[in-house]
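Trainee: These are the residues of each chain, in order.
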Amino acid sequence: MIQVDNLEVTFGADTPLENRALRGLSLTIPEGQFVTVIGSNGAGKSTFLNALAGEVLADNGKILIDDQDVTRWPTNKRAGLVARVFQDPLAGTCEALTIEENMALALKRGHGRGLSRSIRHEYQKKFQEKLARLGLGLEKRLGDRMGLLSGGQRQAVSLLMATLQPMKILLLDEHTAALDPKTAAFVLELTKNIIEEQNLTALMVTHSMRQALDVGERTLMLHEGNIAFDVEGQDREGLDVPDLLALFSKTKGEELSDDSLLLG
Amino acid sequence: MSSIAFFGAVESGLLFGLVAFGVFIAFRVLDFPDLTVDGSFPLGAAVAATLIVTGWNPWLATAMAMVAGCMAGVVTAWLNVRLQILNLLASILTMIALYSINLRIMGKPNVALLGDETVFTPFENWDIPFYLINPIILTGFVLVVFFLLVRFMTSEIGLAMRATGVNDKMARANGVHTGRLTILGVAVANGLVGLAGALFAQSQGTADVTMGVGTIVIGLAAVIGGEAILSTRTIARWIFACLIGAVLYRLAIAVALNADWIGLKAQDLNLITAVLVTLAIVMPRMKLLKRRGGQA
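Line by line, the protein sequences are chains A and B. Just so you know, we're using my numbering here: the first sequence kicks off at 2 and counts up by one. Just so you know, we're using my numbering here: the second sequence kicks off at 242 and counts up by one.
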């Protein structure tokens, strides 16, 4: 279970450029829940994800993962609890390393690293099995550099890498946004399947309201560093994009006019 | 060129192969432009020579030189990782500091190893031409280091170090302590350079506080040259390319200095090196620029 309590993050505090990215955000995510997050540019989505991952440390508030206070933990210490897929396909993998090296790196997430060989036969077999389910033929290309793969292939591999080890929460940072529609659909389908199969707790940020409603069990909208609305269960069923916009103007008393949110 | 000059060049090429390994770790693996090398090379020489003169076992003295090099690397990386000083500047600070430290260690600008026992001494009476002895011993040294380095780079920690250099955010997300690995990597790099300095002092019979000038440029020339000639497809080939680059570089310099009609002298060495490195860096980009120009 993930508990976020009154989380505050301010960039450039006490300067003219002060930006209060998160303003006392609180949230509880029970184990096994798949949450989607929407919000316009500057709403605090990325900061929230970075704060959960440890890339940004909170100025105030608490983050508890399974009742363990991780608020002050740096990213690498949290890695055993938090897995992540980045928006940019280049960010989540090392293009200079081979597919198997990337996977071997992810295989040790949350474990100590020693001087034993990073690539072993039993690992390679495991990687091949995992890659084979993608149906992209990557299982025959373990020794190829990651840089040779397309963006979609890299995101698919990133997703596999993130799920090689157990985690308390999987963070998906608009991980289909940089892909063409067909590839994005493929990666999204894969995401849904993996999350369902392994019963993962997941938080997916997306720019598309449609996507936010179509996948997962709960949808949050962030606005100005806080949660504008939070719908799940019956309230969420049957909701459509216009309903979301109405919900937003009702709770916030203002019209949403940012083009950066995809209505489709 | 005489065999003595040829094998002399091979010998120094092998020594600078160790420097090239260090430069490879810092510049290529960690993407950390580390100039500490210019200080850790004479540091290794100073430590080894001083200890040998005071009667230490040469092997132990060489090991201590390596440790000293590692410590220099730790200081540089620590300045960068902990105190957040720009990596290039951090390494320059350590390099400058080492000049004083090297003088302190030796107590004078240079130490001569005349008649003292070095790691090469036990092989002196070997029944082969004398100019072959050092190159053969150094080949052994360098190959051992090469295999250890390749083994390290393919280990779990080595893989994490390589990821730290190319994508530190991704490395952290996978649980890699990137700061710690940067410190370890720069330490190993300078340890190898310290080892090279220690062996250099013993093969030349002297340690001098100014002997480090330009070490980094020679190391870079070796790495860039090796990459231009050989494949860098796997980490083992890449590291091997650095070694070959170092040997070929020293040979090329020896040929250039030996050819009287060019008119180059030993004191031109640093200038030639600087020009060669500049060309090696710019040439691949020139091709690119030309191609772009053609399209416009």
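Bear in mind the hints are in silico, worked out from the structure with no lab data behind them. Hints may be right or wrong, so weigh each one.
Unchecked claim - Okay, derived cross-link-like pairs now, SDA-like style, lysine to any residue, Cα gap no bigger than 20 Å in a straight line:
| # | chain 1 | residue 1 | chain 2 | residue 2 |
| --- | --- | --- | --- | --- |
| 1 | B | Lys410 | A | Pro75 |
| 2 | B | Lys410 | A | Gly111 |
| 3 | A | Lys126 | A | Arg142 |
| 4 | B | Lys410 | A | Arg134 |
| 5 | B | Lys410 | A | Gln88 |
| 6 | B | Lys410 | A | Asp67 |
| 7 | B | Lys410 | A | Arg114 |
| 8 | A | Lys169 | A | Gln34 |
| 9 | A | Lys169 | A | Pro31 |
| 10 | A | Lys78 | B | Val454 |
| 11 | A | Lys183 | A | Arg134 |
| 12 | A | Lys78 | A | Glu96 |
| 13 | B | Lys349 | B | Asp449 |
| 14 | B | Lys410 | A | Gln69 |
| 15 | A | Lys78 | B | Lys349 |
| 16 | A | Lys78 | A | Ala97 |
| 17 | B | Lys410 | A | Val71 |
| 18 | A | Lys126 | A | Gly152 |
| 19 | B | Lys410 | A | Thr72 |
| 20 | A | Lys183 | A | Lys169 |
| 21 | B | Lys506 | B | Val454 |
| 22 | B | Lys410 | A | Gly152 |
| 23 | B | Lys410 | A | Ala92 |
| 24 | B | Lys410 | A | Glu32 |
Every value quoted in this text rests on a predicted model; they were computed, and no experiment measured them.
Trainee: Now tell me if each hint is right for this structure.
Mentor: Now for the hints, and whether the structure bears them out:
1. B:Lys410 <-> A:Pro75: Holds - the C-alpha atoms of proline 75 of chain A and lysine 410 of chain B are around 12 Å apart, at most 20 Å.
2. B:Lys410 <-> A:Gly111: holds (15 Å)
3. A:Lys126 <-> A:Arg142: holds (12 Å)
4. B:Lys410 <-> A:Arg134: violated (27 Å)
5. B:Lys410 <-> A:Gln88: holds (13 Å)
6. B:Lys410 <-> A:Asp67: violated (25 Å)
7. B:Lys410 <-> A:Arg114: holds (18 Å)
8. A:Lys169 <-> A:Gln34: Holds - the C-alpha atoms of glutamine 34 of chain A and lysine 169 of chain A are around 11 Å apart, at most 20 Å.
9. A:Lys169 <-> A:Pro31: holds (10 Å)
10. A:Lys78 <-> B:Val454: violated (41 Å)
11. A:Lys183 <-> A:Arg134: Holds, at roughly 18 Å.
12. A:Lys78 <-> A:Glu96: Violated - the C-alpha atoms of glutamate 96 of chain A and lysine 78 of chain A are around 24 Å apart, more than 20 Å.
13. B:Lys349 <-> B:Asp449: holds (9 Å)
14. B:Lys410 <-> A:Gln69: violated (24 Å)
15. A:Lys78 <-> B:Lys349: violated (48 Å)
16. A:Lys78 <-> A:Ala97: This hinted pair is violated, its Cα atoms lying about 25 Å apart.
17. B:Lys410 <-> A:Val71: holds (19 Å)
18. A:Lys126 <-> A:Gly152: violated (24 Å)
19. B:Lys410 <-> A:Thr72: Since the Cα atoms of lysine 410 of chain B and threonine 72 of chain A sit roughly 19 Å apart, the hinted pair holds (cutoff 20 Å).
20. A:Lys183 <-> A:Lys169: Violated - the C-alpha atoms of lysine 169 of chain A and lysine 183 of chain A are around 30 Å apart, more than 20 Å.
21. B:Lys506 <-> B:Val454: holds (17 Å)
22. B:Lys410 <-> A:Gly152: holds (18 Å)
23. B:Lys410 <-> A:Ala92: holds (8 Å)
24. B:Lys410 <-> A:Glu32: Status violated; Cα separation ~26 Å.
Of the numbered hints given earlier, the model fails hints 4, 6, 10, 12, 14, 15, 16, 18, 20 and 24; all others are met.
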